[in-house]
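Chain residues, written in single-letter form:
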Amino acid sequence: MEINAFIIFIASIFTSNILLTNFLGMCSFLSVSKEVESSVGLGLAVVFVMTLTTALNYVVYHMVLVPLNIVYLQYIIFIIVIAAFVQLTEMMLERFSPVLYYSLGIFLPLITVNCAILGVSLFMIIRDYSFLQSIAFGAGGGLGWLLAILALAGIRQKVRYKFVPKGLQGAGLSMIITGIMAMAFIGFSGIVVIQ
Amino acid sequence: MTKKEIFINSAFKENAIWSQILGICSALAVTNLMMNSLVMGLGVIFTLALSSSTISLIRDLIPKRVRMMVQTLIIASYVIIVDLILKAYMPQMSKALGPYIGLIITNCIIMGRAEAFAGKNPPLDSMIDGIGAGVGYTVVLMVIATIRELFGFGSLFGIQILGEWFTRWSIMVMAPSAFFVLAVLIWIIHGPIAAKVGK
Chain A
3 MEINAFIIFI ASIFTSNILL TNFLGMCSFL SVSKEVESSV GLGLAVVFVM TLTTALNYVV
63 YHMVLVPLNI VYLQYIIFII VIAAFVQLTE MMLERFSPVL YYSLGIFLPL ITVNCAILGV
123 SLFMIIRDYS FLQSIAFGAG GGLGWLLAIL ALAGIRQKVR YKFVPKGLQG AGLSMIITGI
183 MAMAFIGFSG IVVIQ
Chain B
-5 MTKKEIFINS AFKENAIWSQ ILGICSALAV TNLMMNSLVM GLGVIFTLAL SSSTISLIRD
55 LIPKRVRMMV QTLIIASYVI IVDLILKAYM PQMSKALGPY IGLIITNCII MGRAEAFAGK
115 NPPLDSMIDG IGAGVGYTVV LMVIATIREL FGFGSLFGIQ ILGEWFTRWS IMVMAPSAFF
175 VLAVLIWIIH GPIAAKVGK
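These protein sequence lines map, in sequence, to chains A and B. Going by the numbering used here, the letters in the first sequence line up with residues 3 to 197, in that order. Going by the numbering used here, the letters in the second sequence line up with residues -5 to 193, in that order.
In the DSSO-like style, the derived pairs of lysine-lysine whose C-alpha atoms are separated by at most 30 Å in a straight line are:
#: 1; chain 1: A; residue 1: K168; chain 2: B; residue 2: K7
#: 2; chain 1: B; residue 1: K7; chain 2: B; residue 2: K(-3)
#: 3; chain 1: B; residue 1: K114; chain 2: B; residue 2: K(-3)
#: 4; chain 1: A; residue 1: K160; chain 2: A; residue 2: K36
#: 5; chain 1: A; residue 1: K36; chain 2: B; residue 2: K7
#: 6; chain 1: B; residue 1: K114; chain 2: B; residue 2: K(-2)
These are calculated hints, taken from the structure and not from any lab test. Note that the structure is a prediction, hence the values are computed from the model and not measured.
Extracted from the complex, chain A is given alone in its bound form (with noise of 0.2 Å):
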C-alpha cells in the first residue's frame, strides 16, 4: 500500500522519531546537547544534511547500483555520498556564507560519522520508499532529531543546578531523560500510524 508523503514526514517526526524510538545519532545527540545554541545548529545542519543525503542516496541507489546490480555495495556508496555532500557544503559555506559557516560549520564535520544520517538511507531502502516518500521521510527524520536534540537541551541546562547522585551525572542522567521523553512520545502514537 502507497503511503502518503505527508503522514511519513508527520509520522517521522513524532511517532517513530528516529532518536526516541530507533536509537540514531545517539552519540553527537548526548555530546552536543550541553547547550541549547549549539544544539540548534547542529540539528539544523542534520535536518539540510539528511534531507538531501536521503534525496541523493535515493537516485544514487535506483539510478546506478539496481542497473548494475551491485547492490550489496550500498554501505560504501552511500557513506561515499555523504561525506562528499557534507565536504562540499562545507566549502560551499565557507565560500558564500561565512556567517552560516561560523555558526553551522564547526558541526558539518560530525555529521558524516552521525549514524542517522545513514541510517534513514538505509531505511528509506529497507521500506521501499517513493522519492516523494524518501524526501518527506529525510525531512521528517532532521526535524525529529532536532526536536529531541532541543527538547535535551533545555532540561539539561534546567537541570545543570540541581541535585544529582554522583555517577548519575553527565550520560547517566541524559539517558534517563532521554529515556522520559521517549515515553512521552509514545504518548502520540495515536495520530498516525505507519509499518
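With the hints as your guide, set chain B onto chain A.
Frame of chain A; chain B shown alone:
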C-alpha cells in the same frame, strides 16, 4: 604492555559504552532480544578485529588528510562481509537487525579504536585491542539484553523461563526501557563500582 594487558585495558578499563559513552546507538536498538544482541556483538568483534589490524598494517601509507575516509572505507568493506554472511546463513536474523548491521560502519567504537590504538601500534596488538573492545561491547549488550528480555518476554535466548504467573513488562520491549536500563548500568558502574576500584 603485554597482550593480556592490552586486551583487559580495551575490554574493561576503556570500555567504549560505559567509560566513553560511545557506540550506544546499536547498544540500545538491538537489545530487546538476547539472540539479536549476541549476533550484533559478534559482528562488531569481527569488524573491529579485522579493521583494526588492516588499518594498523597500512598506517604508514595513509596520508593524514584523508585518514578518516580511508578508515571508513576499510570498516565499510568488512561490514559488507558481515552483512553478506548474515544474509546467506541467517536470513531471519538479517531481517530482524535490519539497518543496524550497516550502521556498524558509523559505530564510533570502531573509529575510536582505529584512532586511539590501531594508528600507532603493530597489527597483532591492534587486532587484540580490537577483539578486546568488541568483547567489552558485547558484554554490555548482553547484560542489557538479559534484563530486557527476561522482564519483557519472560524468556532468555527465546526459551521461556518465567511461567504463566509472570506479568510481562511491556515497557521493557519498547524503546524507553533501553535508555533506563543503560542509565542504571552506567550509574552502577560510575557510582559504587568506580568508588570501590578507586579511579
